[in-house]
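Engineer: Below, each chain spelled out in residue letters.
There are 2 protein chains.
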Amino acid sequence: MNQLRAQANGRPVSSGIPEATVARLPVYLRALTALGESGLRTVSSEQLATAAGVNSAKLRKDLSYLGSYGTRGVGYDVEYLRYQIAREIGVNQDWAVVIIGIGNLGQALSNYGGFRSRGFRIVALVDGDASRVGEMHGDLAIAHIDDLDQVVRERGCSIGVIATPGDAAQGVADRLVASGVTSILNFAPAVLTVPAGVDVRKVDLSIELQILAYHEQRKRPPLVQSEEVVES
Amino acid sequence: MNQLRAQANGRPVSSGIPEATVARLPVYLRALTALGESGLRTVSSEQLATAAGVNSAKLRKDLSYLGSYGTRGVGYDVEYLRYQIAREIGVNQDWAVVIIGIGNLGQALSNYGGFRSRGFRIVALVDGDASRVGEMHGDLAIAHIDDLDQVVRERGCSIGVIATPGDAAQGVADRLVASGVTSILNFAPAVLTVPAGVDVRKVDLSIELQILAYHEQRKRPPLVQSEEVVES
DNA sequence: TAGATTGTTAATCGATTAACAATC
DNA sequence: TAGATTGTTAATCGATTAACAATC
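Taken in order, these protein sequences are the chains called S and D. Start counting the first sequence at 674; every next residue gets the next number (our numbering). Start counting the second sequence at 674; every next residue gets the next number (our numbering).
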C-alpha cells in the first residue's frame, strides 16, 4: 500500500509523508499554536481536528506519519506536538525569502507581518525597473534583477516569490533557478517550466475566483443561459 | 465508478465534473486565450497540454467531462473550445465581488487589473475602521462593515473576498453569509466555519511557504538538525 | 486509403473514512 | 478495573495514466 521505509527508530522517513498530509501540517501547526496560547495543555484528536477544520480520523492518520506522539486515553501534549510538527515542516529555523516584482502585491507581501512568526524572513526585494532601485520598503532597499545572483548568494535566500506580471514570470524563474534557488512561490498568472528538483507552488487569484464562480453558477443559475451552440 | 447522470443531449450534467477537473479548467482557459491571441486556430491535446503544464491524457479526460468538442485526427478549434470552457466555468458573464479588509493586501487586490478580463468586477470595498469610510481607491469609496448588507444587495455581490487579519475573519464570514453571499475567498489565516451550501476557498501564503520549506529542508538538510527530543 | 488525433476504457495509484484493537 | 482515546487496518472513493479503438 504505502512503501514507507523505516528508520532505526521505527519512524517512517520524512520523504514518505503523503503530499496531502504535508499540505495539512501547517494548518495543524497554526491550530496548536492558537490552542497553546489560549492556555490549553492537552488536546484530543477530536478537539484539534475541529480547530483545524478536518475530521479526527484524517488528523490521526496524518499524525501517524510523523510518529507516535499521543497518549492513548489522554490525547496530545499541545506544546510537544507543536514542536514536533514545526520540526517536521522545517520552521524551527528561519528561511530567507526574496520577493521579485515590487508592485502592489509585492509590497503587500513585504509588509505582511505574519511570515516572521511562521519561519520566514523576507531579506531582499528585487525589481526589473532600474529607476526603482534603492527605493526603501521598511528596512529593505529594492535591488535590480541583474544583481539577483549576488543578492541570493549574500543573503542566503532559499525561497523566491514571484510577484511580477505574467509575461515576466518565466524569465524571473529562469534567473532564480540559475542563482541556485530551488523553491519558488509563483503569484504570476503563468505556467512555469523549471528543471527537476525545483519546487514551484502557484497562487492564482483569478483561478480561485473562477472555481468559486463555477459552483456559484450552479447554485444560482443565471437568468439567461444559452444552451444553443454554433458549430464551428 | 463515476455516477455521471446524463442530459438528453448525452452530455454529463455540470455537477458531475470532478473537483480536480474544475480546478484545471481555468488553466486551460488561460492557455487557450493566449494561444488564440498568438493567432493559432487549431490546437492538439498535446500542444494545449504542454501550454497548460499537464499531460495530454489528463487534458483529454478533463475535456471529455464537458462534451465532445474536438475532431479526431485534427484537434480542437481554439476559439470554440475557449468559449465552451468559459461557459462551463461561468465567466461569460461578469461576477460582482466585494473585498472586505482594505489593508495592504486588500488594496493590492482592488488594484489588480487582471480580474476584469477574467469575469470578475470588484464593485465594493468594505472595512471595519470607521475612520477610513469614504477613502477612495480608484473609483470605489470604502464602505463600513455595518453597511455590508446594503452594499451586497445594491451592487449584487455574489463573491466576497476576506482580506482582514485572522481574528476578524470569522465575524466577517458570518456577516457575508447573513447578507446572502454564498462564495467566499479567504486570505486571512483562519479556519472558517460556514453553513452547508456556502463555498469557501482559502489562499494562505504562510502555508504555501511552509509546504515549500518542508521540501526544501529535504533537499538541503540544515547544518544542525537535532534528533534528540525532550520528553514532555 | 494512410496518418493523425480524439474520446474512452481499464488499470493503477493515492487519499479518505469508519471501525476497532491496543493501551493509557 | 472502567472509560477514554490513540494508532492502525481495511474498505472505499476519487484522480491519474497508458493504451487503443474509433474516426476524422
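For the record, the hints were derived by calculation from the structure and aren't laboratory data. Remember, it's a predicted structure, so these values are computed and weren't measured experimentally. C-beta: ideal position from N, C-alpha, C; glycine also. Possibly wrong hints are sitting among the right ones.
Claimed, not checked - These stretches of chain S come out as covered by chain D in the derived footprint (C-beta under 8 angstroms, 3 or more residues):
id : region
1  : 695-707
2  : 735-749
3  : 885-893
To be verified - When the alpha-carbon atoms are kept at most 30 angstroms apart in a straight line, the in silico DSSO-like pairs for lysine-lysine are as follows:
id : chain 1 : residue 1 : chain 2 : residue 2
4  : S       : Lys-875   : D       : Lys-731
5  : D       : Lys-731   : S       : Lys-731
6  : S       : Lys-875   : S       : Lys-731
7  : D       : Lys-875   : S       : Lys-731
8  : S       : Lys-892   : D       : Lys-734
9  : D       : Lys-875   : S       : Lys-734
10 : D       : Lys-892   : S       : Lys-892
11 : S       : Lys-734   : S       : Lys-892
Engineer: Run the structure past the numbered hints and jot down the numbers of the failing ones, going up.
Structural biologist: The structure breaks hints 2, 10, 11; every other hint is satisfied.
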